[in-house]
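Asker: Build out the structure end to end from the sequences listed, making use of the hints.
Given next are the chains, with one letter for each unit.
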Amino acid sequence: MVDIKIESEPLDVTGCTGKVEDVTCGGMSIFIGTVRNATNGKKVVRLDYECYQSMALKEMRKIAADAMQRWDIQNILIHHRVGTLHIGDVAVVIAVNAPHRDAAFDACRYAIDTLKKTVPIWKKEVFEDGEEWVSAHA
Amino acid sequence: MKITILAFGIAKEIFNSSSVELHVEEGSTVAILKNELETIYPQIKKLSSYLIAVNNEYAEDDIVLRSTDETAIIPPVSGG
Numbered sequence: 001m002v003d004i005k006i007e008s009e010p011l012d013v014t015g016c017t018g019k020v021e022d023v024t025c026g027g028m029s030i031f032i033g034t035v036r037n038a039t040n041g042k043k044v045v046r047l048d049y050e051c052y053q054s055m056a057l058k059e060m061r062k063i064a065a066d067a068m069q070r071w072d073i074q075n076i077l078i079h080h081r082v083g084t085l086h087i088g089d090v091a092v093v094i095a096v097n098a099p100h101r102d103a104a105f106d107a108c109r110y111a112i113d114t115l116k117k118t119v120p121i122w123k124k125e126v127f128e129d130g131e132e133w134v135s136a137h138a
Numbered sequence: 001m002k003i004t005i006l007a008f009g010i011a012k013e014i015f016n017s018s019s020v021e022l023h024v025e026e027g028s029t030v031a032i033l034k035n036e037l038e039t040i041y042p043q044i045k046k047l048s049s050y051l052i053a054v055n056n057e058y059a060e061d062d063i064v065l066r067s068t069d070e071t072a073i074i075p076p077v078s079g080g
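As they're listed, the protein sequences go chains A and B. So the first sequence is numbered by our numbering: it starts at 1 and just counts up by one. So the second sequence is numbered by our numbering: it starts at 1 and just counts up by one.
Rather than coming from a laboratory, the hints here were simulated on the basis of the structure. Yeah, the Cβ is synthetic: ideal placement off N, Cα and C, and Gly gets one too. Among these hints, one or two may not hold up.
[Unchecked claim] Which residues of chain B face chain A? A partial, calculated answer using Cβ under 8 Å:
no.	residue
1	6
2	9
3	42
4	43
5	44
6	53
7	72
8	76
9	77
[What the hints assert, rightly or not] Cross-link-like lysine to aspartate or glutamate pairs, in silico, DMTMM-like; alpha carbons within 20 Å at most:
no.	chain 1	residue 1	chain 2	residue 2
10	B	34	B	70
11	A	117	B	57
12	A	124	B	57
13	A	62	B	57
14	A	116	B	57
15	B	12	A	48
16	A	42	A	128
17	A	19	A	7
18	B	45	A	132
19	A	124	A	50
20	A	19	A	9
21	A	58	B	57
22	B	46	A	132
23	A	117	A	48
24	B	46	B	13
25	A	43	A	131
[Stated by the list, open to error] Listing some non-contacts, in silico: residues in chain A with all C-beta distances to chain B over 12 Å:
no.	residue
26	17
27	19
28	49
29	52
30	54
31	59
32	65
33	87
34	105
35	120
Answerer: Take a look at the structure:
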């Protein structure tokens, strides 16, 4: 099962893990990305996320399909939130389950690492004294 | 022909708009489009990198554009 979503509402972590539950699996690996309170010592006020929705969904589906092909996993869920997020808010949930834990860990790690490289989603960090699109400039 | 380029993130701020229209010769490639964009909006060159997407796929420089394509500029992504 593949479950891909981009939402502007808060992500429901328990709901996400419930969706991938499967009695054929012996382990579930979950990555929860949250908003940190500081970057390089600068206090973060909020993050503004935006996406190129049609392409972002397509790239997320590719990641899920690649993971399904590369590892013996049963289900993969990738949900990303967009809009304005505050400290501690959940920005991304990835849940993968598999008969055995190695595949679940590896596929989950692959999914978040690849998402950060290829999925057209952007975040702007808003600090107390300015703002910056993350990774835009070297 | 007329090409509409969708913009997101910092590119939207550089264009001061969520999309811009550009006129290029029929048969123009992604490389030609990038050149045009960099001439009109030199700030693009200051980005750590950027890509062009055509019909929701990252496009290599030699891809030929059509006016019916959905074209977008993709500045460095930062999801997660």
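Asker: Determine for every hint whether it applies to the structure shown.
Answerer: These are the hints, each one checked on the structure:
The restraint placing residue 6 of chain B at the interface with chain A holds, with a minimum CB-CB distance near 7 Å, inside the 8 Å limit. Look at residue 9 of chain B: its Cβ gets to within about 3 Å of chain A, closer than 8 Å, so that hint holds up. At its closest, the beta carbon of residue 42 of chain B sits 14 Å from a beta carbon of chain A; the interface hint therefore is violated under the 8 Å criterion. Taken as an interface hint, residue 43 of chain B does not check out: its beta carbon lies about 10 Å from the nearest beta carbon of chain A, beyond 8 Å.
Restraint check, residue 44 of chain B versus chain A: the minimum CB separation of about 11 Å is more than 8 Å; hint violated. Annotation: residue 53 of chain B was flagged as interfacial toward chain A, and the flag holds, the nearest CB pair being 6 Å apart, inside 8 Å. A cut of 8 Å between beta carbons decides the hint on residue 72 of chain B: the least distance to chain A is about 6 Å, and the hint holds. Checking residue 76 of chain B against chain A by beta carbon gives a least distance of about 4 Å; that is within 8 Å, so the hint holds.
Annotation: interface hint on residue 77 of chain B holds; nearest CB of chain A at approximately 6 Å, less than 8 Å. For the given pair, residue 34 of chain B sits about 15 Å from residue 70 of chain B by alpha-carbon distance, which is consistent with the 20 Å threshold. With a C-alpha separation of about 14 Å, the suggested pairing of residue 117 of chain A with residue 57 of chain B holds against the 20 Å cut-off. For the hint pairing residue 124 of chain A with residue 57 of chain B, the CA-to-CA distance comes to about 23 Å; that exceeds 20 Å, so the pair is violated.
Proximity of residue 62 of chain A to residue 57 of chain B is assessed by CA-CA distance (about 11 Å); at most 20 Å being required, the pair is judged to hold. With a CA separation close to 16 Å, the supplied pair residue 116 of chain A and residue 57 of chain B stays within the 20 Å bound. Proposed proximity of residue 12 of chain B and residue 48 of chain A is supported: the alpha carbons are some 14 Å apart, at most 20 Å. Of the pairs offered as hints, the one joining residue 42 of chain A and residue 128 of chain A holds, with about 8 Å between alpha carbons and a cut-off of 20 Å not exceeded.
With a C-alpha separation of about 16 Å, the suggested pairing of residue 19 of chain A with residue 7 of chain A holds against the 20 Å cut-off. Between residue 45 of chain B and residue 132 of chain A the CA atoms are separated by roughly 17 Å; this keeps the pair inside 20 Å, and the hint holds. Annotation: proposed proximity of residue 124 of chain A to residue 50 of chain A holds, straight-line Cα distance about 9 Å (limit 20 Å). Of the supplied pair hints, the one linking residue 19 of chain A and residue 9 of chain A holds, its CA atoms being roughly 18 Å apart against a limit of 20 Å.
Between residue 58 of chain A and residue 57 of chain B, the direct Cα distance comes to roughly 9 Å. Compliance with the 20 Å bound is thereby established for this hinted pair. Note on residue 46 of chain B and residue 132 of chain A: the hinted pairing holds, with a Cα-Cα distance of about 14 Å set against a maximum of 20 Å. Taking the CA atoms of residue 117 of chain A and residue 48 of chain A, the gap is near 18 Å; set against the 20 Å cutoff, the hint holds. With a C-alpha separation of about 13 Å, the suggested pairing of residue 46 of chain B with residue 13 of chain B holds against the 20 Å cut-off.
Distance hint between residue 43 of chain A and residue 131 of chain A is fulfilled; the C-alpha atoms sit about 11 Å from each other, no more than 20 Å. Every CB of chain B is more than 12 Å from the CB of residue 17 of chain A (nearest about 19 Å), matching its label as outside the interface. Chain B leaves residue 19 of chain A outside its interface by the beta-carbon criterion, the shortest separation being 20 Å against a cut-off of 12 Å. A cut-off of 12 Å between C-beta atoms contradicts the statement that residue 49 of chain A is not in contact with chain B; the least separation is 7 Å.
Under the 12 Å C-beta cut-off, the non-interface status given to residue 52 of chain A relative to chain B is violated; the minimum distance is some 5 Å. Distance to chain B contradicts residue 54 of chain A as a non-interface residue, since its nearest Cβ pair spans about 5 Å, not more than 12 Å. With a cut of 12 Å on Cβ distances, residue 59 of chain A falls inside the contact zone with chain B, its closest approach being about 8 Å. With a cut of 12 Å on Cβ distances, residue 65 of chain A stays outside the contact zone with chain B, its closest approach being about 15 Å.
No Cβ of chain B approaches the Cβ of residue 87 of chain A within 12 Å, the least distance being about 16 Å, so the stated non-interface status holds. Against chain B, the non-interface label of residue 105 of chain A holds: every CB pair exceeds 12 Å, the least being about 17 Å. At the 12 Å boundary, the C-beta of residue 120 of chain A falls inside the reach of chain B, the nearest C-beta of that chain being 5 Å off.
Going down the numbered hints, you'll see the structure goes against 3, 4, 5, 12, 28, 29, 30, 31 and 35, while the others check out.
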